[in-house]
Each structure stands twice: as structure tokens, then as C-alpha cells.
Amino acid sequence: MKRFVVVFGVVLVVLFTIEMLNPVQTHVVVPFTSILAKISALLIAPFDDSVIAYGKVLQFQDTGFAVSIEAGCNGVEATIVLIAAVVAFPASWAQRAAAIGLGFLAVQVMNIARIISLFYLGDWDLDIFRWVHLYLWPALIMLDVLVVFILYLRYLSQQHADPTHAAA
Amino acid sequence: MLLPENPHLRQFLLFVFALIVPCFALWTVAADVLAMPVVGLADMIMQAWFPTVVEGLRFQGSDVVLLTRFGEMDGRPVAAELAEYQLAYRINPAILSYSLPFYATLHFATYKDSYLGSFVTGVLLLYPLILFGLLCLCMKDLMINLGSLFMEQPGVWLPPGSVIALLYQLSVLIVPTLAPIGVWAWQSRETELFSSLLNLEVPADDARSS
Chain Z
1 MKRFVVVFGV VLVVLFTIEM LNPVQTHVVV PFTSILAKIS ALLIAPFDDS VIAYGKVLQF
61 QDTGFAVSIE AGCNGVEATI VLIAAVVAFP ASWAQRAAAI GLGFLAVQVM NIARIISLFY
121 LGDWDLDIFR WVHLYLWPAL IMLDVLVVFI LYLRYLSQQH ADPTHAAA
Chain G
169 MLLPENPHLR QFLLFVFALI VPCFALWTVA ADVLAMPVVG LADMIMQAWF PTVVEGLRFQ
229 GSDVVLLTRF GEMDGRPVAA ELAEYQLAYR INPAILSYSL PFYATLHFAT YKDSYLGSFV
289 TGVLLLYPLI LFGLLCLCMK DLMINLGSLF MEQPGVWLPP GSVIALLYQL SVLIVPTLAP
349 IGVWAWQSRE TELFSSLLNL EVPADDARSS
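Residue numbers (my numbering), protein chains in the order written: chain Z, 1 to 168; chain G, 169 to 378.
So that you can see chain Z by itself, here it is in the shape it has in the complex (with noise of 0.2 Å):
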């Protein structure tokens, strides 16, 4: 328990130190969060003509709203948390990294549904908006990072009683 408490905690705060410098920032968190809100207007798009994206803005052409996805909002900090938490469970690097891809897929699934969800929310009413994105949305979003572990957690623990099932 402490080992993983320390290697989790190390894990953590070394990923966000690198998360937040500037090069990182602009070579990686920025592109993608550009590509987390072109994949949102993708999705829209087949059911809402109005909606267009440019950078890491989506944007009502008709009423004119729009939001801008910043850092906080791409997902990127859950998925830092994940990676700590796998990385410091003892498990094979296969596992780990196995978990490490479908769990960041989940994370940006659930975050892809937040930024469409916040959009519409924002188009309707801004205070409503304002209470998800806050402070909702975040709990959300780390409760998908928990129910991956917890998943994870079941799988080794279920390997672990039937190691047959390792070779599955």
C-alpha cells in the first residue's frame, strides 16, 4: 500500500510537471485538444448543420455561441491520474499498458460526450452550464478514471485466482 501510494504520488506530480511546460503545451496538449473539438463537431455535425469548429472552439453558426476547450477540459489530467494509478499497481507492463490504452480511450469517450453535453447545456442556459462544467462534469470524468481501475482491479485480482485465464 505504501509503495503504491508513493510511486502513484511521484507518477502524478512528475506527468503533470511535463503536462504543464510550455513545449508540451504546444506541441502536444494544444493539438489534441484541437482534435478532441474536431472529433465534437464530427459527431454533431450529422444531426446539427449549424455547428462548426475551428481550433479548439466549437461554435453555433446561428446564435453565434461557442466554447473554446482549455486545458482542464481535454481529459488529458484524468488521464495522467490513470496512468499513475496502473503504473504504480503491481502488474505485467503488457497489463498495464493494455489498461493504460482502453482506459484513456474510456476517459475520452466520457469527455467527448462532456464537451458536447457542456455545448448544448451553454447554448440553453449559462448558469446550468456554468454548475456542470464547474464542478459536475470533473467528478464525472475522475468517477470514469475510478469504474477503469476498479475494472482493472477485478481483472488482475481475476487473473490472479485463475492464472489459466492468463493465457486467454
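Accuracy of the hints is not assured; some may be wrong.
As the list claims (entries may be wrong) - So the derived label-pair ranges between C-beta atoms look like this:
1) ASN22(Z) / SER316(G): 36 to 44 Å
2) GLN254(G) / PRO90(Z): 53 to 61 Å
3) GLY323(G) / ARG130(Z): 36 to 44 Å
4) VAL7(Z) / VAL246(G): 24 to 32 Å
5) PRO219(G) / SER92(Z): 38 to 46 Å
6) ASP242(G) / ARG3(Z): 53 to 61 Å
7) VAL246(G) / PHE4(Z): 48 to 56 Å
Said to hold, decoys possible - Now the stretches of chain G that chain Z is said to cover, found in silico as 3 or more residues with beta-carbon under 8 Å:
8) 173 to 181
9) 216 to 222
10) 237 to 243
11) 259 to 267
12) 284 to 296
Because the hints were derived from the structure by calculation, they are not lab data. Here the structure is a predicted model, which means the values were calculated and not measured. Ideal placement from N, C-alpha and C gives every residue a C-beta, glycine not left out.
We have chain Z already, so just place chain G on it with the hints.
Just chain G now, kept in the frame of chain Z:
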């Protein structure tokens, strides 16, 4: 590979999704009252730490205002007596204290023998982190807005600017969601939910069904 059903996990997730909105709604109603102890302590610490810069932290509606001892003249910060108005920065402590309803959700969604005592303990563990986050938030605002007037105070120790920035980001982006999970996990480590997850007591049915 399909994972066998885990009734403890299913119950936990069901209760989490049932409780999360009510817990956040209750917290929204009581957010100002819940923030008061932390704002009061932060007010005392900021005044004692930076007596020549900070006048205090005051409630203004649901926000908190960080009052400085400076005003502004010709776009530059000057002593408050020389300016027509006082520089103050709006701070939203709720971006830190939403850790409380998140913790409440996780806590009450987990099947335990007793709830209230450990809940109070958990809240008391989270409060210092909210206080620390509020201090980081205040320092970040002072650093950005006052620059050298804040960073180069004679005889006052301050962390380097990069450390303040990093602590601020950690306190706002990570701690409010991660700390409740940490406290909840520690308090729930002996529950059936955790035992079943970590395979400490694998139910016979679970073992057979795999």
C-alpha cells in the same frame, strides 16, 4: 475475457449514480456556509504571511474577494491611498470545495457498518486540502496581477513562481477530484467492496463462474 458479476461493485455504482446529483445539489445550497471556515483561516494566513500586500479575504455573494493594499493609477499598481480604488480579485472557493459532495457520494454509496463518524473524519481530512488550494489560488492571482510587488516583498519567504503555478494547477485540476477518492479508498479498504475487488475473499460463486 468477461469478468464475473460483482454484486458489491454493482450496488456501489448504482448508488453513486443515484447520489451524485442530490449530493452536489445539497452542497450548492450550502456551499457558502461550508466554505466559511476555510475562507476565515485563509484570511488569517494571508494577512499574517503578506501583511503589506493583502488586506483580507471577504465574502461577496457566493464568491470571495481577495482585497489587496494596492490601488491602480495610470494602469499601474500603487499604494491604495494614492489610487481612486482598491485592487481586489474575485475567487471562487467552490472550484475547490466540490470535493466535499464528491466524497459524500462515494462514502454513502459504499456499504458500511457505520457512516456518520467516518464521514466527519473524511470531511475533516479534506478541509486542509481545500485551505491549501485556496492559498495557492490567492497566491497565483497575486503573482499574476501584482508581479514583482508580490514576488519581491522584502523579508517575506515565497515559493518560486513556477512552484506557485504548479501547486495552483494541481490544487484546482487534480486535488478536488482525486483527494475524495483517496480518502474514500482509505476508509473503505476493509469493506466487502474492496475485499472483493482485491480478491481478498473471492466468493465461491465468482471463482466457479470464471
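So, going through the hints one by one against the coordinates:
Take ASN22(Z) and SER316(G): their Cβ atoms lie about 21 Å apart, and the range 36 to 44 Å is violated. At roughly 56 Å, the beta-carbon separation of GLN254(G) and PRO90(Z) lies within the given 53 to 61 Å, and the hint holds. Take GLY323(G) and ARG130(Z): their Cβ atoms lie about 41 Å apart, and the range 36 to 44 Å holds. In this structure the hint that VAL7(Z) and VAL246(G) lie 24 to 32 Å apart at CB is violated, the actual value being about 50 Å.
A hinted range of 38 to 46 Å is violated for the C-beta pair PRO219(G) and SER92(Z), which are about 56 Å apart. Roughly 57 Å separates the CB atoms of ASP242(G) and ARG3(Z), a value that falls within the hinted 53 to 61 Å. Range check, VAL246(G) to PHE4(Z): Cβ separation about 52 Å, and the 48 to 56 Å hint holds. Coverage of the stretch 173 to 181 of chain G by chain Z holds [criterion: at least 3 residues with CB-CB distance below 8 Å; count 3].
Look at the stretch 216 to 222 of chain G against chain Z: 0 of its residues bring a Cβ nearer than 8 Å to a Cβ of that chain, fewer than three, so the hint is violated. With 0 residues having a Cβ less than 8 Å from any Cβ of chain Z, the stretch 237 to 243 of chain G misses the three-residue criterion, and the hint is violated. Counting residues of the stretch 259 to 267 of chain G whose C-beta lies closer than 8 Å to any C-beta of chain Z gives 4; at least three are required, and the coverage claim holds. Counting residues of the stretch 284 to 296 of chain G whose CB lies closer than 8 Å to any CB of chain Z gives 0, which falls below the minimum of 3, so the coverage claim is violated.
The structure shown violates the earlier hints numbered 1, 4, 5, 9, 10, 12.
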